[in-house]
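K.L.:
Given the coordinates of chain A, assemble chain B onto it according to the supplied hints.
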Amino acid sequence: MFNLFLAVSPEIFIINATFILLIHGVVFSTSKKDDYPPLVSNVGWLGLLSVLITLLLLAAGAPLLTIAHLFWNNFFRRDNFTYFCQILLLLSTAGTISMCFDFFEKERFDASEFIVLIPLPTRSMLLMIPAHDLIAMYLAIELQSLCFYVIAASKRKSEFSTEAGSKYLILGAFPSGILLFGCSMIYGSTGATHFDQLAKILTGYEITGARSSGIFMGILFIAVGSLFKITAVPFHMWAPDIYEGSPTPVTAFLSIAPKISISANMSRVSIVASYGGTLQQIFFFCSIASMILGALAAMAQTKVKRPLAHSSIGHVGYIRTGFSCGTIEGIQSLLIGIFIYASMTIDAFAIVPALRQTRVKYIADLGALAKTNPISAMTFSITMFSYAGIPPLAGFCSKFYLFFAALGCGAYFLAPVGVVTSVIGRFYYIRLAKRMFFDRPRTWILYEPMDRDKSLLLAMTSSFITSSFPYPSPLFDLTHQMALSSYL
Amino acid sequence: MRLLAPAFKFHFKGGRRTMILSVLSSPALVSGLMVVRAKNPVHSVLFPILVFCDTSGLLILLGLDFSAMISPVVHIGAIAVSFLFVVMMFNIQIAEIHEEVLRYLPVSGIIGLIFWWEMFFILDNETIPLLPTHRNTTSLRYTVYAGKVRSWTNLETLGNLLYTYYSVWFLVSSLILLVAMIGAIVLTMHKTTEVKRQDVFRRNALDSRRNIMRSMTIPNGSRRCFSSGAGGPPENYKETFKRWILCSEYRDFPGLKSNIDKLIAFLSPSEILFMVHTFPRDFPLLEILEPRDIREIIAHSHKQWKPPKKGG
Numbered sequence: 099m100f101n102l103f104l105a106v107s108p109e110i111f112i113i114n115a116t117f118i119l120l121i122h123g124v125v126f127s128t129s130k131k132d133d134y135p136p137l138v139s140n141v142g143w144l145g146l147l148s149v150l151i152t153l154l155l156l157a158a159g160a161p162l163l164t165i166a167h168l169f170w171n172n173f174f175r176r177d178n179f180t181y182f183c184q185i186l187l188l189l190s191t192a193g194t195i196s197m198c199f200d201f202f203e204k205e206r207f208d209a210s211e212f213i214v215l216i217p218l219p220t221r222s223m224l225l226m227i228p229a230h231d232l233i234a235m236y237l238a239i240e241l242q243s244l245c246f247y248v249i250a251a252s253k254r255k256s257e258f259s260t261e262a263g264s265k266y267l268i269l270g271a272f273p274s275g276i277l278l279f280g281c282s283m284i285y286g287s288t289g290a291t292h293f294d295q296l297a298k299i300l301t302g303y304e305i306t307g308a309r310s311s312g313i314f315m316g317i318l319f320i321a322v323g324s325l326f327k328i329t330a331v332p333f334h335m336w337a338p339d340i341y342e343g344s345p346t347p348v349t350a351f352l353s354i355a356p357k358i359s360i361s362a363n364m365s366r367v368s369i370v371a372s373y374g375g376t377l378q379q380i381f382f383f384c385s386i387a388s389m390i391l392g393a394l395a396a397m398a399q400t401k402v403k404r405p406l407a408h409s410s411i412g413h414v415g416y417i418r419t420g421f422s423c424g425t426i427e428g429i430q431s432l433l434i435g436i437f438i439y440a441s442m443t444i445d446a447f448a449i450v451p452a453l454r455q456t457r458v459k460y461i462a463d464l465g466a467l468a469k470t471n472p473i474s475a476m477t478f479s480i481t482m483f484s485y486a487g488i489p490p491l492a493g494f495c496s497k498f499y500l501f502f503a504a505l506g507c508g509a510y511f512l513a514p515v516g517v518v519t520s521v522i523g524r525f526y527y528i529r530l531a532k533r534m535f536f537d538r539p540r541t542w543i544l545y546e547p548m549d550r551d552k553s554l555l556l557a558m559t560s561s562f563i564t565s566s567f568p569y570p571s572p573l574f575d576l577t578h579q580m581a582l583s584s585y586l
Numbered sequence: 635m636r637l638l639a640p641a642f643k644f645h646f647k648g649g650r651r652t653m654i655l656s657v658l659s660s661p662a663l664v665s666g667l668m669v670v671r672a673k674n675p676v677h678s679v680l681f682p683i684l685v686f687c688d689t690s691g692l693l694i695l696l697g698l699d700f701s702a703m704i705s706p707v708v709h710i711g712a713i714a715v716s717f718l719f720v721v722m723m724f725n726i727q728i729a730e731i732h733e734e735v736l737r738y739l740p741v742s743g744i745i746g747l748i749f750w751w752e753m754f755f756i757l758d759n760e761t762i763p764l765l766p767t768h769r770n771t772t773s774l775r776y777t778v779y780a781g782k783v784r785s786w787t788n789l790e791t792l793g794n795l796l797y798t799y800y801s802v803w804f805l806v807s808s809l810i811l812l813v814a815m816i817g818a819i820v821l822t823m824h825k826t827t828e829v830k831r832q833d834v835f836r837r838n839a840l841d842s843r844r845n846i847m848r849s850m851t852i853p854n855g856s857r858r859c860f861s862s863g864a865g866g867p868p869e870n871y872k873e874t875f876k877r878w879i880l881c882s883e884y885r886d887f888p889g890l891k892s893n894i895d896k897l898i899a900f901l902s903p904s905e906i907l908f909m910v911h912t913f914p915r916d917f918p919l920l921e922i923l924e925p926r927d928i929r930e931i932i933a934h935s936h937k938q939w940k941p942p943k944k945g946g
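Residue numbers (our numbering), protein chains in the order written: chain A, 99 to 586; chain B, 635 to 946.
Mixed in with the good hints, there may be bad ones.
What the hints assert, rightly or not - Cβ-Cβ distance ranges computed for the label pairs, FRET-style: (1) Arg877/B x Asp549/A: 28 to 36 Å; (2) Ser553/A x Leu739/B: 55 to 63 Å; (3) Pro918/B x Asp549/A: 16 to 24 Å; (4) Lys401/A x Phe724/B: 26 to 34 Å.
Stated by the list, open to error - Covered by chain B, according to a simulated footprint, are these stretches of chain A (three or more residues, beta-carbon under 8 Å): (5) 227-240; (6) 243-249.
Hints were generated in silico from the structure; no laboratory data involved.
Glycine included, each C-beta is placed from N, C-alpha and C at the ideal position.
Same shape as in the complex, but just chain A (with noise of 0.2 Å):
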């Protein structure tokens, strides 16, 4: 209908930037008249500005919502849900870029296409979050995925980082695959690809007797190809190896990013495209086998990035759990899952990597962090214990609100399930917290002083998380708003 190219003007924002930095820094940093100057801080300056500019560009198209559902033919639809969501994703966009400066310092690192290749998936993400066709979807993650494998193997001195980006290779194209095989199954069995089609010939899937086994081969390939990019249960194969083996801001823009775009895109898929409880088996069984791995496996850890990639794999559990009952309220608690999530995975990811004296990698190095660096223990214990869900945080909040979201929609079984494995995960959690303030260390370590860009990240998400329970009320309304308008 319109082909709007204000509506996508953030987009072509962020990819016109993400090309004038690369030829910036390819032109530059080989100028032997310049001296061949590192260009990475620079670069990454840069990008993270041209995020932010993004984000500013997306808050000031915000008008364009209320006057048209469907822009750009075919392509996509913006609403408040996709505003939102979008909104959170350049965020911890920034957040992560802003995580990246200390680690080029300490690492000597200078690759200054690292920096490109972080808006660059961004711009990919906020293509897959409001689309609404089965091949702009696919084109959107596979952008993505391309880009996370290449990161994650970037740091070419250190076997971990290849194998990282060797296993997330084969781990991240083979559901890549299944995704669009699924897509050409519903292709071929309906000959629509946009979402609305599919809605209006999906409509009568499960009531009328005419099943074609086609398409819901087609719609159960899609979600197992979706389940796989987000590391949930079944799928999670190498999940824990690559969150290790990438460099620190790498994971924690693939623990982040890649989960709020393919969520939001998969209830879009869910909620439009098969319209009905068609697939609600599978994602019951995914939050389940989720929740129960993502507590059990992060006991057996010693080393500190892994049990991080345990932990987001159980609360990704969690999060299912709230997208699987169809409901509004489900739907509502996924965004506030995810909200929280994000916030408390920035924390987590951002004090890792400031721990670091030679690389710390095993936890018995926490030992005594209270005495050393009291603040950062206490944000980290902060931290780990919102992920635990005790009660003044934030993390609390959102378990709370799935919970009552799975309960709500007759889940009865999902719901003590969860609260018994969130009850066992517990335990992990407070171990760190034990290993931090009231353990003796064999070796007294002390650690660098944390640079400007992560303090103020960290204040700005441990304030999020302590404040959001006291005073809950602006991150409900906004997910309400969101949950409804993607219903409409």
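P.N.:
Coordinates of chain B only, in the frame set by chain A:
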């Protein structure tokens, strides 16, 4: 589709189309099998080329002329060539003849049966017969007129939509290719290639202030008179250093004034300067640490540090 499964009696009721179909698809199937079973890895990369050629022939049979022309370009020219590059780079040896294939039979058999079952699950409609039948479908003469209608070519139909309504998808696919290019360069370009490189030493020298301060506190590279090794340090250098540091800009660092005596006793001035710069706020903690621990901390943090030959 007017395709018949080939009958056992070799009666070509369908005419040329079935002959072309069977001639093209059987080598495709056999080559697909040979990809997995070939002993030489180069052979197992060359067999997909045969598959791709057959597939493009099948596409012509279906009437998709544009796809049939593009698909060999993409599949053979890009994909098979990439595989060949990989095989060439990795120097893979010829596989063993007596390979224990039957070892994989239980699990792979189950997975194969699951795929096979899924196939039947999908193809449950009656238009695709499983067994050969002798249905005569060539008597539909009126379809001759369909061929006389002048319609757009494949190329025109694709271009009409791809560059106007769906142009964003086209641009996003080009971005995917751009990412592949960037990725290949980021991951594999070493500094020793002649084409474009950065000078590592200059780059290191231009690094942060910390690096500069580190280089100033190395005993042999420093310009400060306390730690230059020529002729040995003067006798009361510690007193001079202590006086200097208490009037310098470091005097307000927490814990420095109270701990400076203890530190001067066993650390050299360059080491103290290093500690001041790396851990500016942690001086009160040094009260509880042993001298040995402090030296370990310095040794860990300063990778270029060598302790001075004379003691302290």
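K.L.:
It remains to establish, for every hint, whether it holds in the given structure.
P.N.:
Hints, one by one, checked against the model:
1. For the pair Arg877/B and Asp549/A, the beta carbons lie near 33 Å from each other, so the given range of 28 to 36 Å is met.
2. At about 59 Å, the CB distance of Ser553/A to Leu739/B agrees with the hint of 55 to 63 Å.
3. Separation of Pro918/B from Asp549/A is about 22 Å and conforms to the stated range, judged on CB atoms against 16 to 24 Å.
4. Checking the proposed 26 to 34 Å range against Lys401/A and Phe724/B shows it holds: the Cβ atoms sit about 31 Å from each other.
5. Check on the region 227-240 of chain A: 5 of its residues sit with their Cβ under 8 Å from a Cβ of chain B, so the three-residue criterion for coverage holds.
6. Coverage of the region 243-249 of chain A by chain B holds. Counting CB-CB distances below 8 Å, 4 residues qualify, and the rule asks for three or more.
In summary, this structure violates none of the numbered hints.
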